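Here are the chains, one letter per residue:
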Amino acid sequence: MTPGEVGPAVVELRHIKKNFGAVQALRGVDLQLRHNEVLGLVGDNAAGKSTLMKVLSGAYVPDGGDILIEGEKVEFSSPMDARRQGIEMVYQDFALANNLDVAGNVFLGREAVGARIGPLAVMDNRYMEQEAQGLLNRLKIDISSVRLKVERLSGGQRQAVAIARATAFNAKVIIMDEPTAALSVAAIGKVLDLVRQLKAQGSSIIIISHRLEDIYQVSDRMIVLRHGLKVSDTPVQGDIHEFRERVVAYIVGARNDFGERAVG
Amino acid sequence: MTQTKRAQMSFLQAAMKLVRGNIREYGMYVALLAIMAVFAVTTDGVFISSRNIVTLVNQTGYIAVLAVGMTLVIVIRHIDLSVGYLSGFLGAVAAISMVSWHVPVYATIPLVLVIGTLAGLLSGFLVAKMEIPAFVATLAGWLGYRGALQLVTRATGTIIIPDDTFNAIGNGFIPDIPGIKILPGLHHLTLILGFLGIVIFVVSEIIARRKLQSYDSNVLPTGMFLAKLVLVTVLVGGITWILAGYQGLSWTAAVVLVVILVYQFITTKTVLGRHIYAVGGNPEAAELSGISVKRLTYVVFGSMGMLAALSGILFASRLRSATTTAGQLFELDAIAAAFVGGVSAAGGVGKVVGSLIGAFVMTSLSSGMNLMGMDISYQYIVRASVLAAAVIFDVATRNRG
Numbered sequence: 001m002t003p004g005e006v007g008p009a010v011v012e013l014r015h016i017k018k019n020f021g022a023v024q025a026l027r028g029v030d031l032q033l034r035h036n037e038v039l040g041l042v043g044d045n046a047a048g049k050s051t052l053m054k055v056l057s058g059a060y061v062p063d064g065g066d067i068l069i070e071g072e073k074v075e076f077s078s079p080m081d082a083r084r085q086g087i088e089m090v091y092q093d094f095a096l097a098n099n100l101d102v103a104g105n106v107f108l109g110r111e112a113v114g115a116r117i118g119p120l121a122v123m124d125n126r127y128m129e130q131e132a133q134g135l136l137n138r139l140k141i142d143i144s145s146v147r148l149k150v151e152r153l154s155g156g157q158r159q160a161v162a163i164a165r166a167t168a169f170n171a172k173v174i175i176m177d178e179p180t181a182a183l184s185v186a187a188i189g190k191v192l193d194l195v196r197q198l199k200a201q202g203s204s205i206i207i208i209s210h211r212l213e214d215i216y217q218v219s220d221r222m223i224v225l226r227h228g229l230k231v232s233d234t235p236v237q238g239d240i241h242e243f244r245e246r247v248v249a250y251i252v253g254a255r256n257d258f259g260e261r262a263v264g
Numbered sequence: 265m266t267q268t269k270r271a272q273m274s275f276l277q278a279a280m281k282l283v284r285g286n287i288r289e290y291g292m293y294v295a296l297l298a299i300m301a302v303f304a305v306t307t308d309g310v311f312i313s314s315r316n317i318v319t320l321v322n323q324t325g326y327i328a329v330l331a332v333g334m335t336l337v338i339v340i341r342h343i344d345l346s347v348g349y350l351s352g353f354l355g356a357v358a359a360i361s362m363v364s365w366h367v368p369v370y371a372t373i374p375l376v377l378v379i380g381t382l383a384g385l386l387s388g389f390l391v392a393k394m395e396i397p398a399f400v401a402t403l404a405g406w407l408g409y410r411g412a413l414q415l416v417t418r419a420t421g422t423i424i425i426p427d428d429t430f431n432a433i434g435n436g437f438i439p440d441i442p443g444i445k446i447l448p449g450l451h452h453l454t455l456i457l458g459f460l461g462i463v464i465f466v467v468s469e470i471i472a473r474r475k476l477q478s479y480d481s482n483v484l485p486t487g488m489f490l491a492k493l494v495l496v497t498v499l500v501g502g503i504t505w506i507l508a509g510y511q512g513l514s515w516t517a518a519v520v521l522v523v524i525l526v527y528q529f530i531t532t533k534t535v536l537g538r539h540i541y542a543v544g545g546n547p548e549a550a551e552l553s554g555i556s557v558k559r560l561t562y563v564v565f566g567s568m569g570m571l572a573a574l575s576g577i578l579f580a581s582r583l584r585s586a587t588t589t590a591g592q593l594f595e596l597d598a599i600a601a602a603f604v605g606g607v608s609a610a611g612g613v614g615k616v617v618g619s620l621i622g623a624f625v626m627t628s629l630s631s632g633m634n635l636m637g638m639d640i641s642y643q644y645i646v647r648a649s650v651l652a653a654a655v656i657f658d659v660a661t662r663n664r665g
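Protein sequences, first through last, are from chains A and B.
First residue of the first sequence: 1, per the numbering used here; consecutive thereafter.
First residue of the second sequence: 265, per the numbering used here; consecutive thereafter.
Just chain A, with the same shape it has in the complex (with noise of 0.2 Å):
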């Protein structure tokens, strides 16, 4: 059911379940991602990929299930916890303060300090836009200046701004919520560019998205959820109109590799 099995688990989730009230958002699903693949997260509207992507990030604990890093197991409460396990989540609305520059955001809550005057931390700044241009050249992202203004950004640039900073303090895993949703036909080329380029650079992601283009197109593996479950997990392969049926098939609960269990 696993092909492409290159290498252990970078994350592993075990049978996560989460209710909101009466709703039972995830039922118990199990996933994996491997070192340096590219994994496509689909379903429908409430099928619980946003759910659970919240859950490996931080910002929801789980009712029940396990999260293992690496094969160690972690308890995440805050987003902020997730992250120092290298867990980078990348919002829809990319999150970014458009007041900032781009090296400012790149930075934002984990600004390089110079020197300490008391309580004060003086900024690096000289150091943080080297490292913010050098990341950005690195991933062929073109915007002229780290000096610019995010407000003065396209959608696109801003995308790549806020998956940039997501890359930018070697995060094992990152996490793409909808990163085309927003944007146009060029940009979408662009962001799904910096995937690749981000895989060749031996990079972890999990790639939520309504384009089945976009996951045929970027990712080696693609798990379907339907009503909080998991009922495909395979390999992208194959004709893409093919591709499409079988996963709209699986999206709509005409196909159901794993079967009703784990209710309740």
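Hint data in this document are derived by calculation from the structure and do not stem from the laboratory.
Misleading hints may appear alongside valid ones.
A few chain A residues that face chain B, going by a derived Cβ cut-off under 8 Å, partial list only [as the list claims (entries may be wrong)]:
1) I69
2) A95
3) L96
4) N98
5) G104
6) G109
7) E111
8) V113
9) A121
10) V122
11) R126
12) I141
13) I143
14) V185
15) A186
Treat the numbers as computed from the prediction; the structure is a model and nothing was measured.
We put the CB at the ideal spot given by N, CA and C, even for glycine.
With the hints as your guide, set chain B onto chain A.
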């Protein structure tokens, strides 16, 4: 195209680009210079006399320090209406401390600053912890401190402050270095400070430019850079010369300068300042980045309270007394100064130096119109127009940029 022509073109283009890109930033400096020039003419030069400039600075001081604190409050998307009467109340506390409790002035000032900080933290608690909208929380403070001011001055009415050291803060001048014979009639320490200020500014600008050039070609063209240095030098030099020709730098001016330098440093160079602007720009993003919005709300309101105390001290010292109506409408003057100085009501945008300029614009208007003998009713209408124009200008330039 020849080399020189191309150079001229690039200089002009750079100048146009600079004006377009920074009109929001430099607009208020232009406005202040224009206002000063107009009043200089309409009052036959009285407005720019040493004596009037010193008075202007001392009148601006207690609003300027409030405007600095208010800038940060508005940057993090809040407002503080309580600081006017808090300032008046704390001025009265300072007076009572010295007159009734016989606490020496050197202990009174820190005491009042601490009480102010605590009062600010109380507002911060209501806003950050209880999640009461700042407008409502600080409106309660406005009522409360107004009551407190009336309560402490009820028995005595206006409290006269007999302490010369305390009163010097609002009326006195920094002492001169004794024994210098050259340039008689001028205040030498003021000249030296002004000169040092210019040298430090020019040197630090050149160093910063060099540093930037080493890894980013996107710097101000040389011509524009020189123009900026010359402009600032002339401005600071001119003010220094005017002040030195009278009695030198007033204590109020010295206090305001220190406050501006400290806050300018904190907002532009430190992690704390970066986080304050991040919270103003996108509180959710800041929180997700591990920045505690609550903690920063406490810090910003605490600083606002401390500056309200400083404002109260400056005002009581200037009047040599604590009055029953001290601080009335200071909060609105401070808010107006901040908006005229380029602070955005949407949050995340605004500089402390801008608010200082905004405070000068507003007091210059009052001062100049008073000197012209203009009816007070028209004065309010003129100030209203300037405030509205500043905000319209801000919105218009933002939408275009």
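Against the structure, the hints come out as follows:
1. The beta carbon of I69/A comes no nearer than 19 Å to any beta carbon in chain B, farther than 8 Å, and the hint placing it at the interface is violated.
2. At a threshold of 8 Å, the smallest CB-CB gap from A95/A to chain B is about 4 Å, leaving the interface hint in force.
3. Interface restraint check for L96/A: the shortest CB-CB distance to chain B comes to about 6 Å, inside 8 Å, so the restraint holds.
4. Proximity of N98/A to chain B holds as hinted, the smallest CB-CB distance being about 6 Å (cut-off 8 Å).
5. Checking G104/A against chain B by beta carbon gives a least distance of about 6 Å; that is within 8 Å, so the hint holds.
6. Hint status for G109/A: holds, given a least beta-carbon distance of 3 Å to chain B, under 8 Å.
7. Restraint check, E111/A versus chain B: the minimum CB separation of about 5 Å is within 8 Å; hint holds.
8. Against a cut-off of 8 Å between C-beta atoms, the interface hint on V113/A holds, since the closest Cβ of chain B lies about 6 Å away.
9. Taking 8 Å as the C-beta contact cut-off toward chain B, the hint placing A121/A at the interface holds, the least distance being around 4 Å.
10. With a least beta-carbon distance of about 5 Å to chain B, the hint placing V122/A at the interface is held under the 8 Å criterion.
11. Interface restraint check: R126/A against chain B, minimum CB-CB distance 6 Å, threshold 8 Å, status holds.
12. Because the closest C-beta pair between I141/A and chain B is about 16 Å apart, greater than 8 Å, the hint is violated.
13. A cut of 8 Å between beta carbons decides the hint on I143/A: the least distance to chain B is about 11 Å, and the hint is violated.
14. Using the Cβ-Cβ criterion of 8 Å, the hint placing V185/A at the interface with chain B is not satisfied: the shortest such distance is roughly 27 Å.
15. A distance limit of 8 Å between C-beta atoms decides the matter here; for A186/A the minimum to chain B is near 23 Å, and the interface restraint is violated.
Consistency with the previously given hints fails for numbers 1, 12, 13, 14 and 15, ordered from lowest to highest.
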